[in-house]
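Participant: Here is what each chain is made of, one letter per residue.
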Amino acid sequence: MRITVNGDVMDIEDASTVAGLLALLQIGRERVAVETNMEIVPKASYDSHTLLPGDTIEIVHFVGGGTGDVDETGQ
Amino acid sequence: MRQDSDKLIIGGRAFNSRLMVGTGKYASFQQTAQALEASGAEIITVAVRRINLDRSKESLLDFIDPKRYTLLPNTAGCYTADDAIRTCRLAREAGMSDFVKLEVLGDEKTLFPDNEELLKAAKVLVAEGFTVLPYCSDDVIVCRKLEDIGCAAVMPLGAPIGSGLGIRNPYNIRIILENITIPVIVDAGVGSASDAAIAMELGCSGVLMNTAIAGARDPIAMAEAMKLAVIAGRLSYKAGRIPRKLYATASSPIEGLLG
Numbered sequence: 001m002r003i004t005v006n007g008d009v010m011d012i013e014d015a016s017t018v019a020g021l022l023a024l025l026q027i028g029r030e031r032v033a034v035e036t037n038m039e040i041v042p043k044a045s046y047d048s049h050t051l052l053p054g055d056t057i058e059i060v061h062f063v064g065g066g067t068g069d070v071d072e073t074g075q
Numbered sequence: 001m002r003q004d005s006d007k008l009i010i011g012g013r014a015f016n017s018r019l020m021v022g023t024g025k026y027a028s029f030q031q032t033a034q035a036l037e038a039s040g041a042e043i044i045t046v047a048v049r050r051i052n053l054d055r056s057k058e059s060l061l062d063f064i065d066p067k068r069y070t071l072l073p074n075t076a077g078c079y080t081a082d083d084a085i086r087t088c089r090l091a092r093e094a095g096m097s098d099f100v101k102l103e104v105l106g107d108e109k110t111l112f113p114d115n116e117e118l119l120k121a122a123k124v125l126v127a128e129g130f131t132v133l134p135y136c137s138d139d140v141i142v143c144r145k146l147e148d149i150g151c152a153a154v155m156p157l158g159a160p161i162g163s164g165l166g167i168r169n170p171y172n173i174r175i176i177l178e179n180i181t182i183p184v185i186v187d188a189g190v191g192s193a194s195d196a197a198i199a200m201e202l203g204c205s206g207v208l209m210n211t212a213i214a215g216a217r218d219p220i221a222m223a224e225a226m227k228l229a230v231i232a233g234r235l236s237y238k239a240g241r242i243p244r245k246l247y248a249t250a251s252s253p254i255e256g257l258l259g
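As they're listed, the protein sequences go chains U and R.
Going by this note's numbering, the first sequence opens with residue 1, and the numbers climb by one from there.
Going by this note's numbering, the second sequence opens with residue 1, and the numbers climb by one from there.
There's no promise every hint is true.
[As the list claims (entries may be wrong)] The following residues of chain U were derived to be distant from chain R, with all beta-carbon distances above 12 Å:
1. D14
2. S16
3. G20
4. D47
5. T50
6. P53
[As the list claims (entries may be wrong)] Calculated pairs, SDA-like style, for lysine to any residue (alpha carbon to alpha carbon, straight line, at most 20 Å):
7. K238/R to S252/R
8. K43/U to D98/R
9. K43/U to R49/R
10. K43/U to F112/R
11. K43/U to S194/R
12. K43/U to M96/R
13. K57/R to E30/U
14. K57/R to K43/U
15. K238/R to G191/R
16. K57/R to R29/U
17. K57/R to I27/U
18. K57/R to L24/U
19. K43/U to S16/U
20. K43/U to P66/R
21. K57/R to R31/U
22. K43/U to K120/R
23. K43/U to R31/U
24. K67/R to G28/U
25. K120/R to V140/R
26. K57/R to N6/U
27. K43/U to L228/R
28. K145/R to F112/R
29. K43/U to R89/R
30. K43/U to E128/R
31. K57/R to L25/U
32. K57/R to A23/U
33. K57/R to G28/U
34. K120/R to N6/U
35. K67/R to A14/R
36. K67/R to E30/U
37. K123/R to D139/R
38. K57/R to L22/U
39. K67/R to R29/U
40. K145/R to R174/R
Since the hints were made in silico from the structure, they are not lab data.
Bear in mind the structure is a predicted one, so any value in this text is a computation, not a measurement.
Idealized CB from N, CA, C, for every residue including glycine.
Whenever a hint applies, use it, and build me the whole structure from the sequences.
Facilitator: Here it is in structure tokens:
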């Protein structure tokens, strides 16, 4: 099925979970937050939350930043 | 030690350092880590952004131990209350802490706060249990409203973000200090160590900076200078300065002068 992750279109297995997607992308779950269709998925639900075709997913983490600006160092 | 009895309390948590630093604009993550170490800061700001799906690249938290520092996620780059609220919710989920540095910017040229949107966002976030530290104008009315909403501190600017102009508004900061009971932390404007000392001598509870350290020729040395300036400024404030006088007062006794 086709989903959008951080603005990129991806094809992944049907009925993948958030946990499955993170594993596929080799992203540890500790220091990230995940949104599907603008709704935050709590960490406790990563294993049970099943993604649907057309879902828009955002995976965010912390980067360097001060007031008003964002670091582009090493990003 | 002297500092132990003078902790900064924010959101029910006690901190020894009154210097907060941002983690942007450094030449490398190694340099970021070294500057943080030299600054003695316990609270560091971070931004929330999309993760790079190419995992070969390193990230900030590979270099900084989040157990050692209190990460203060910011809403840098947000221009509406809704964007800022969304960012704070994501930050809480990513960091498992309620601390957020709320900023809602008015425009890209000045990076001045949009106080209307800021107040709107602060209200929602406080109701959701966040410990909100808002970057705001040097306006006592706005600061009082933020205090009434239940923010943990107010963070008025000393000058535009990244400008290095120093504390351009000492009288406005003083008016805020005299009318607000929550901590007042100057955020933005500091250029050199003396600026940080001035903010502390005014009676501010702390200073937050990024560019002044990261943009210095030697960021690690400047981080240490800022650490010392904040300590010196705080001690000077607590010690109570002499009144300013127009004319001289001799420091040596007049009595016993040779005739």
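Participant: Hints first: check each against the structure and report whether it holds.
Facilitator: Evaluated hints:
1. Listed as outside the interface, D14/U is consistent with that label: its C-beta sits roughly 21 Å from the nearest C-beta of chain R, beyond the 12 Å cut-off.
2. Every beta carbon of chain R lies more than 12 Å from that of S16/U, the smallest distance being close to 15 Å; the non-interface claim holds.
3. Separation of G20/U from chain R is adequate, the least Cβ-Cβ distance of about 15 Å exceeding the 12 Å criterion.
4. Chain R leaves D47/U outside its interface by the beta-carbon criterion, the shortest separation being 16 Å against a cut-off of 12 Å.
5. Against the 12 Å criterion, T50/U stays outside the reach of chain R, whose nearest CB is about 19 Å from its own CB.
6. For P53/U, the condition that its CB be more than 12 Å from all CB atoms of chain R holds, with the nearest at approximately 19 Å.
7. Proposed proximity of K238/R and S252/R is contradicted: the alpha carbons are some 26 Å apart, above 20 Å.
8. For the hint linking K43/U to D98/R, the alpha-carbon distance of about 16 Å falls within 20 Å, and the restraint holds.
9. Proximity of K43/U to R49/R is assessed by CA-CA distance (about 18 Å); at most 20 Å being required, the pair is judged to hold.
10. A C-alpha spacing of about 35 Å is found between K43/U and F112/R, which places the hinted pair above 20 Å, so the restraint is violated.
11. Restraint check for K43/U and S194/R: not satisfied, since their Cα atoms lie roughly 45 Å apart, outside the 20 Å limit.
12. Of the pairs offered as hints, the one joining K43/U and M96/R holds, with about 10 Å between alpha carbons and a cut-off of 20 Å not exceeded.
13. Between K57/R and E30/U the CA atoms are separated by roughly 17 Å; this keeps the pair inside 20 Å, and the hint holds.
14. Between K57/R and K43/U the CA atoms are separated by roughly 24 Å; this puts the pair beyond 20 Å, and the hint is violated.
15. The suggested pairing of K238/R with G191/R is violated, with an alpha-carbon distance near 23 Å, which exceeds 20 Å.
16. Taking the CA atoms of K57/R and R29/U, the gap is about 17 Å. The hint holds against a cut of 20 Å.
17. In summary, the hint linking K57/R to I27/U is supported, as the alpha carbons are separated by about 12 Å, within the 20 Å threshold.
18. Between K57/R and L24/U the alpha-carbon distance is near 17 Å, which keeps this suggested pair within the 20 Å criterion.
19. Our distance criterion of 20 Å between C-alpha atoms is met by K43/U and S16/U, whose separation comes to about 16 Å.
20. Only pairs whose Cα atoms come within 20 Å are accepted, and K43/U paired with P66/R is accepted, the gap being roughly 18 Å.
21. Proposed proximity of K57/R and R31/U is supported: the alpha carbons are some 15 Å apart, at most 20 Å.
22. Pair hint K43/U plus K120/R does not hold up; C-alpha atoms about 28 Å apart against a cutoff of 20 Å.
23. For the hint pairing K43/U with R31/U, the CA-to-CA distance comes to about 10 Å; that is within 20 Å, so the pair holds.
24. As the CA atoms of K67/R and G28/U are separated by approximately 17 Å, the hinted pair is consistent with the 20 Å bound.
25. The straight-line distance between the Cα atoms of K120/R and V140/R is roughly 17 Å, inside the 20 Å bound, and the hint therefore holds.
26. Under the criterion of a C-alpha separation no larger than 20 Å, the hint pairing K57/R with N6/U is consistent with the structure, at around 16 Å.
27. Note on K43/U and L228/R: the hinted pairing is violated, with a Cα-Cα distance of about 41 Å set against a maximum of 20 Å.
28. Between the alpha carbons of K145/R and F112/R the distance comes to roughly 18 Å, so the proposed pair stays at or under 20 Å and holds.
29. The hinted pair formed by K43/U and R89/R meets the criterion: a straight-line CA distance of about 13 Å does not exceed 20 Å.
30. The straight-line distance between the Cα atoms of K43/U and E128/R is roughly 18 Å, inside the 20 Å bound, and the hint therefore holds.
31. The suggested pairing of K57/R with L25/U holds, with an alpha-carbon distance near 13 Å, which does not exceed 20 Å.
32. A threshold of 20 Å between alpha carbons decides the hint, and for K57/R with A23/U the separation of about 17 Å falls inside it, so the pair holds.
33. At most 20 Å may separate the alpha-carbon atoms for a hinted pair to count; K57/R and G28/U meet this at roughly 14 Å.
34. Proximity of K120/R to N6/U is assessed by CA-CA distance (about 27 Å); at most 20 Å being required, the pair is judged violated.
35. For the given pair, K67/R sits about 15 Å from A14/R by alpha-carbon distance, which is consistent with the 20 Å threshold.
36. With a C-alpha separation of about 13 Å, the suggested pairing of K67/R with E30/U holds against the 20 Å cut-off.
37. Restraint check for K123/R and D139/R: the C-alpha separation of about 18 Å stays at or below 20 Å, so the hint holds.
38. A hinted pair counts as satisfied when its Cα atoms are at most 20 Å apart, and K57/R with L22/U qualifies at roughly 16 Å.
39. Straight-line distance between C-alpha atoms of K67/R and R29/U comes to about 17 Å, which keeps the hinted pair within the 20 Å bound.
40. For the given pair, K145/R sits about 17 Å from R174/R by alpha-carbon distance, which is consistent with the 20 Å threshold.
The structure fails to meet hints 7, 10, 11, 14, 15, 22, 27 and 34 from the earlier list, while all remaining hints are met.
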